[in-house]
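Join the two chains, each given in its own frame, into one complex according to the hints.
Chains as they are written, first to last, in this note's numbering: chain A, 13 to 363; chain B, 50 to 357.
Derived by calculation from the structure, the hints in this document are not laboratory data.
Check each hint, because a few of them may be wrong.
Partial selection, computed: residues in chain A whose CB lies under 8 Å from chain B [unchecked claim]: (1) Ala61; (2) Asp183; (3) Thr229; (4) Arg230; (5) Asn233; (6) Gly240.
Simulated restraints on C-beta separations [stated by the list, open to error]: (7) A/Leu217 <-> B/Arg176: 40 to 48 Å; (8) B/Thr121 <-> A/Leu217: 34 to 42 Å; (9) A/Leu344 <-> B/Ile170: 54 to 62 Å.
For each residue, glycine too, the CB sits at the ideal point set by N, CA and C.
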Amino acid sequence: MTVTATEPTSAGAAGDDRVAARALAPRLLSRPEVGSLIGAIVIFLLFMAVAEPFRNVANVGTILYGASTIGIMAVPVALLMIGGEFDLSTGVAVTTSGLSASLFAWNFGLNVWVGIILALAISLAIGAFNGWLLLKTGLPSFLVTLGTLFILQGVNLGVTRLLTGNVASSDITDMDGFASAQKIFGSEVTLGPVNLKVTVLYWFLLTVIAAYVLLRTRMGNWIFAVGGDAAAARAVGVPVRATKVALFMAAGFCAWLSGMHLLFQFNTVQSGEGVGKEFIFIIAAVIGGCLLTGGYGSVVGASIGALIFGMTQLGINYAGWNPDWFKAFLGLMLLLATIVNMYVKKKADLR
Amino acid sequence: MSTATSERDLVAGRPDAPILELDNVGKSYGNVHALRGVSVKVRQGEVTCVLGDNGAGKSTLIKIISGLHDYTDGAMTLNGAPCRFGSPRAAQASGIATVYQDLALAPLMSVWRNFFLGNEICKGPFRVLDIDKMKRICHEELHRMGIVITDLDRPVGGLSGGQRQCIAIARAIYFGAKVIILDEPTAALGVKQSGVALRYIIKARDAGLGVIFITHNPQHAYLVGDHFVILKLGRVVLDAHRDELTLTQLTTEMAGGQELVELSAELRGVEPGKAIESGEVVPDRGETLAPGSKKEAAARAEDDDEKA
Numbered sequence: 013m014t015v016t017a018t019e020p021t022s023a024g025a026a027g028d029d030r031v032a033a034r035a036l037a038p039r040l041l042s043r044p045e046v047g048s049l050i051g052a053i054v055i056f057l058l059f060m061a062v063a064e065p066f067r068n069v070a071n072v073g074t075i076l077y078g079a080s081t082i083g084i085m086a087v088p089v090a091l092l093m094i095g096g097e098f099d100l101s102t103g104v105a106v107t108t109s110g111l112s113a114s115l116f117a118w119n120f121g122l123n124v125w126v127g128i129i130l131a132l133a134i135s136l137a138i139g140a141f142n143g144w145l146l147l148k149t150g151l152p153s154f155l156v157t158l159g160t161l162f163i164l165q166g167v168n169l170g171v172t173r174l175l176t177g178n179v180a181s182s183d184i185t186d187m188d189g190f191a192s193a194q195k196i197f198g199s200e201v202t203l204g205p206v207n208l209k210v211t212v213l214y215w216f217l218l219t220v221i222a223a224y225v226l227l228r229t230r231m232g233n234w235i236f237a238v239g240g241d242a243a244a245a246r247a248v249g250v251p252v253r254a255t256k257v258a259l260f261m262a263a264g265f266c267a268w269l270s271g272m273h274l275l276f277q278f279n280t281v282q283s284g285e286g287v288g289k290e291f292i293f294i295i296a297a298v299i300g301g302c303l304l305t306g307g308y309g310s311v312v313g314a315s316i317g318a319l320i321f322g323m324t325q326l327g328i329n330y331a332g333w334n335p336d337w338f339k340a341f342l343g344l345m346l347l348l349a350t351i352v353n354m355y356v357k358k359k360a361d362l363r
Numbered sequence: 050m051s052t053a054t055s056e057r058d059l060v061a062g063r064p065d066a067p068i069l070e071l072d073n074v075g076k077s078y079g080n081v082h083a084l085r086g087v088s089v090k091v092r093q094g095e096v097t098c099v100l101g102d103n104g105a106g107k108s109t110l111i112k113i114i115s116g117l118h119d120y121t122d123g124a125m126t127l128n129g130a131p132c133r134f135g136s137p138r139a140a141q142a143s144g145i146a147t148v149y150q151d152l153a154l155a156p157l158m159s160v161w162r163n164f165f166l167g168n169e170i171c172k173g174p175f176r177v178l179d180i181d182k183m184k185r186i187c188h189e190e191l192h193r194m195g196i197v198i199t200d201l202d203r204p205v206g207g208l209s210g211g212q213r214q215c216i217a218i219a220r221a222i223y224f225g226a227k228v229i230i231l232d233e234p235t236a237a238l239g240v241k242q243s244g245v246a247l248r249y250i251i252k253a254r255d256a257g258l259g260v261i262f263i264t265h266n267p268q269h270a271y272l273v274g275d276h277f278v279i280l281k282l283g284r285v286v287l288d289a290h291r292d293e294l295t296l297t298q299l300t301t302e303m304a305g306g307q308e309l310v311e312l313s314a315e316l317r318g319v320e321p322g323k324a325i326e327s328g329e330v331v332p333d334r335g336e337t338l339a340p341g342s343k344k345e346a347a348a349r350a351e352d353d354d355e356k357a
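Bound-form chain B, shown alone (with noise of 0.2 Å):
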């Protein structure tokens, strides 16, 4: 992995000039150093894929790009220019859209409200709702993301995850300019889904925006990324260009590397014969549910969930 930081450099060195760029910023609480050191750059045009396991500063590091909290060591710079918001409509306003994990949106309001919360087109000496051309943009956005509502006055949150994560996604780049911060936005999405959602990621890559991509699914961020940072306990400790590493890789670092290899020795050690050589298949997984049993009754329950 030290070898992989080192690099950092050459890829710095090519000719396209990073939209934004984090240079070695910290953020504390207090005594406790959420973020350290992190350097990333962002680049039009391309997406950069930050994984982590849980509190690996992922959060912290969007809250501060997103102007939800100010860091507290080293420097931001967007388009060249030292920048630090104050507030998240000031990042919107610096071009800087989010799509956070909770979605921000409000779960009694309708589809086509939340859709254009806080940037509301209106009309009029009155300064009226324009109501119709709202819902209109609304839908055309959601249709090109794939998904069709044919209510829009209903509360969003009726509808499923999948969908409130689509009217998210389609929201933040219907009004993101420059950069657009996904977090986790294929953490709670079907397979489809999903697929639809990292489609949509390359659609706003190919508009010439720079995409930061937060996930811990090495296999959806080697599907789309083009730069890859791993965080760990508020550190970097991988960045690597897309050409400098192989799917197996990522994999393994995003999985904690040597780390994993401790805990499959432990783990043997503890329970012989129970552990799992790398590669081999579980039987047990592939187990396929009897009709009428009691998981299958659990599974379909979650189902109807989902749908409703």
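Isolated chain A, as found in the complex (with noise of 0.2 Å):
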């Protein structure tokens, strides 16, 4: 390191000359969201020139429903890889908080409500057992949660087939509790010609408190430096282990959320449902800035990847494109987006 002994002048008190503050549009630029900013605009744009249905405003309600079940999920998950972690679970977690509330009332008898208080127990258990046991072995997370996706998904159809004889949990609509968990998990608000449903406010709501948690709070700077660097975290006594195994369980308690909407919207759950798409909730993610790595990341981009997957899901049916290609154009936008993710970041970094 004999070189640094000809860097002359940021030593001087009066200001280093080197470093000129950056200007807005740069500065803007290298925020994480745009690159999904970017793709929402082109896909909106898209669609309302191809797909006639699409410039509907009735259908708003309908795209921005499909978002939210992503969304519901894409934000605990970007907060997960935010703090250096994956959770390949959420996918099956959400069925398994449905199927448990559903199978728990229904064998018993209960009040809906109990099963629903029971998921959510569940579901923040599944969560602090991924990050127990992730710290515990220091296994990477991707090992620990394709564990658990599996024994998840196994158990979702083995304890279904046991209780039922089916693999869908019973109709439920008749129990006690029934309609009053239906009003907060499933209901609907018309907003001038747009039907909103419940979720996409659960939606809004958790974007919202997640990233003023993330960007305005302790907590929030502490999950950056788990993720950006553990260690150099630890430290300076940031409590790491605690900080990870909260996100696994807010990645549960959205679990919870979604299983709940999942169940009080169809009346029962199927028990093979959900495999595949903890890949979409990663992809919003990653569509919204987060990087694979750790420590750098959006909420607000999260949302937006979301956005992006519900205005594509219908824009092809919209469009009336046969939507076997769906996955083929996801594929393509994960990489357009995280490679002008990239380029941007870098051209505004240079600046």
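Spelled out as structure tokens, the structure:
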């Protein structure tokens, strides 16, 4: 490091003239959400041009509903990725949550709310287990949660068949507490020509709360730090373990919320559902600017990522294209968004 | 060196009691004894320099004091009370701040977020981060260190090694109450910034902090140190006050003393005529880099990297 000796001016107290204040434009462009925002605008314009029903205001509710079911999970998944971890079990954890509420209430003939509370406990416990096992063993979260993914998938099918003799939970429409629970988890409000599902509200609320926590609270600072450099974070006194376990539990909580919507929207839950969803949540987070290596990303970006999904899913339908192409389109979006993210960030950082 | 060790008692007899004292502290990892019978006293308003070659046990010593590792033998006392830190947070709460060699900065986080990491200032009923206040303090503290970063929102990873070092030191001093440990603070710095860092060590000392300065540069140590401890293979081989030691003695002890003489003899035996008498200047070192030469270009490239 002898070359450092030739670093002359930066110690001058008067100011370091090599580093000028950055202009507004590059500063905005270096934000993590930029790639997803550009992507969302492009997709929006594309479907506005090619799909006639897409232009119908009444369909906004449908599009937002599709986005919200992904967004509710993409938000905690983004937080987890910023914190340096993956969760592959989120997709089936949603199903597990819905099933446990339904099966428990049905089998014991209890009020539906008892099942809901139990499902919450189970969902949080799954998150805590993921975090605990990860920290205990030091294994990468990819492996730990891949294990949880398959365990939950098997348990979902096995337990449901054991209790009902079927692959889906029984209809709980006529049970105590169903009506009130459905109001909370599956209702709809009408705003002018737009019908909004309650999940859209939850999605917005979660995005706002999570973005606030991430950028404006101490906990948020810790999330960035444990993902960016866990050893450094620990050295300055950040509770790394507690932060990571809390992030996994937040994913558990959101899985519960999604699971409850699933249950009270359709009255029954298919036990094989949810596999593959985890990747969609991760893709939404990555499109939104989260780095796979952690320490960087945005919750708002992840929500825009979810919106891109919602628009694409329905846009393809509305345009009359064969929905078989949806997945190919997604993969392409993922690649494009990440490349744009990388390119824009590099450009902005250089200025 | 044995005389120096025996004179330790003389120093210990001073009236001011040490704020932090390690008595015969040892640390084993399984059957590996990383540290054995190490005794160090840190007094307020004094700079205690811990010197040693790679693998001498300096890092293990810091880790014990800063709460990253527990010790397996001996005793550590803080203000006379025995102590064991379960975590770095516990050590910090007791007033021990550490600046690590790897600086403990998260590269993708902004300057001010790194500065306050783990010690965030919050306000209001919702415990919102007081960003303006943190940025202001961060700016002031860095300014005092002699560096000005115009955009505190810049990620730390984009700054030079020297700037990062300054952030880490300024942070530790701002939050460190009684004892500050500096793990090779000058190792990655240029000449001028090393000077700034050394001046800051003196400032911390004058402010009444007990400073533990880990280094393998005897020149830097002798410039600011009041007390010197040399570690070798996990043991203390020299423990002396400034009054009992000259820079030459310190340098010789640090370089390995007798071992260096033997090495010199050995090298001379292998390649007669090529070995260097101590004090003799090597002509090759003074070679100026011709402009346009490959070496010069490489040096300039590295230079640019530093500035980026």
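_Evaluation of the interface hint that places A/Thr229 against chain B, nearest CB under 8 Å_ = 6 Å, holds
*Interface hint status, A/Arg230 versus chain B (Cβ within 8 Å)*: 4 Å, holds
*Is the hinted range of 54 to 62 Å satisfied by the C-beta distance from A/Leu344 to B/Ile170?*
This hint is violated: roughly 45 Å between Cβ atoms.
*May I ask you to test the interface hint for A/Asp183 with respect to chain B, counting a Cβ-Cβ separation under 8 Å as satisfied?*
This hint is violated: A/Asp183 lies away from chain B, its Cβ roughly 43 Å from the closest one there, beyond 8 Å.
*Return the status of the interface hint for A/Gly240: holds when the least beta-carbon distance to chain B is below 8 Å, violated otherwise.*
3 Å, holds
*A/Leu217 paired with B/Arg176, Cβ distance criterion 40 to 48 Å*: 19 Å, violated
*Double-check A/Asn233 for me: the hint is only fine if its C-beta lies closer than 8 Å to a C-beta in chain B.*
6 Å, holds
_Next item in the hint list is A/Ala61. Is there a CB on chain B closer than 8 Å to its CB?_
At 38 Å from the nearest chain B Cβ, A/Ala61 fails the 8 Å test, so the hint is violated.
*Do the Cβ positions of B/Thr121 and A/Leu217 conform to the proposed distance bound of 34 to 42 Å?*
51 Å, violated
When each numbered hint is compared with the structure, violations occur for hints 1, 2, 7, 8 and 9.
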